[in-house]
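Quick note: the sequence shown uses the working numbering, first residue 1334, plus one each step.
These are computed hints drawn from the structure, not numbers from a lab.
Glycine included, every Cβ here is placed at the ideal spot set by N, Cα and C.
Any given hint could turn out to be false.
Here are the simulated EDC-like cross-link-like pairs (lysine to aspartate or glutamate), alpha carbons at most 16 angstroms apart as the crow flies [as the list claims (entries may be wrong)]:
| no. | residue 1 | residue 2 |
| --- | --- | --- |
| 1 | K1542 | E1494 |
| 2 | K1432 | E1412 |
| 3 | K1366 | E1412 |
| 4 | K1366 | D1409 |
| 5 | K1432 | E1416 |
Quick list of simulated restraints, FRET-style, between CB atoms [unchecked claim]:
| no. | residue 1 | residue 2 | range |
| --- | --- | --- | --- |
| 6 | G1411 | S1431 | 13 to 23 angstroms |
| 7 | D1423 | D1340 | 33 to 43 angstroms |
| 8 | D1339 | G1411 | 35 to 45 angstroms |
| 9 | T1491 | A1462 | 39 to 49 angstroms |
| 10 | R1389 | W1541 | 26 to 36 angstroms |
| 11 | E1482 | Q1507 | 14 to 24 angstroms |
| 12 | K1366 | T1337 | 33 to 43 angstroms |
| 13 | A1462 | K1432 | 14 to 24 angstroms |
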Amino acid sequence: MARTFDDATRRNIAELCAAFARLAPADAAPTLKRAAVAIALTEGDDGSGTAFLLTRRSARLRAHRGQWALPGGRCDPGETPVEAALRELDEELGLALSKRDVLGMLDDYPTRSGYLITPVVVWAAGSGAIRPNPEEVASVHRIGLDAIEPDDAFSFVTIPESSRRVIRFRLGGQQIHAPTAALIYQFREVLAGRSTRVAELEQPVFAWK
1334 MARTFDDATR RNIAELCAAF ARLAPADAAP TLKRAAVAIA LTEGDDGSGT
1384 AFLLTRRSAR LRAHRGQWAL PGGRCDPGET PVEAALRELD EELGLALSKR
1434 DVLGMLDDYP TRSGYLITPV VVWAAGSGAI RPNPEEVASV HRIGLDAIEP
1484 DDAFSFVTIP ESSRRVIRFR LGGQQIHAPT AALIYQFREV LAGRSTRVAE
1534 LEQPVFAWK
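Using the sequences and the hints given, assemble the complete structure.
Printed below as a string of structure tokens:
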């Protein structure tokens, strides 16, 4: 069921995020580089529901080029995850938001490539048109929240290289993997009122570097 992009939906999602108890960073967190991504909620393409923004990374980038990702990146020195997520939204998509637009944060997710990612949920209304930075973003997509609700939207597989399950998010005919899939999955669970942990969900081997 589509969630109308309005104040009632904003309040509902803010309440669900407030009810979610984030886990403290793992003991290994000091060895990881801090990063943040934005789960930026906006109006869907058809204007009838709420969606989140998903990007395809530019082929010009040094790391993870061409991969699906939530807007975000590494935290600058002295920068909080919220500040980093808002800055990256502005730099990547031209969306100028403030801390007043933040609805909450999800669990930190440690990556195989040495980052600890903090997902920040933000409400991107009245922020102007999206203007992707071609140096960082190849394309931007609005994914309706109804696309992540079905049970078969996510799948779990095993790989020889790890005892942990690899999570995948099915988007059309493509598979999006962790960390992006894990963060979207936890957001889906928060929307359903569940506190499902995702730090142990595995990434595919190609994302380990």
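Q) Which numbered hints are broken by the structure, listed smallest first? A) 7, 10
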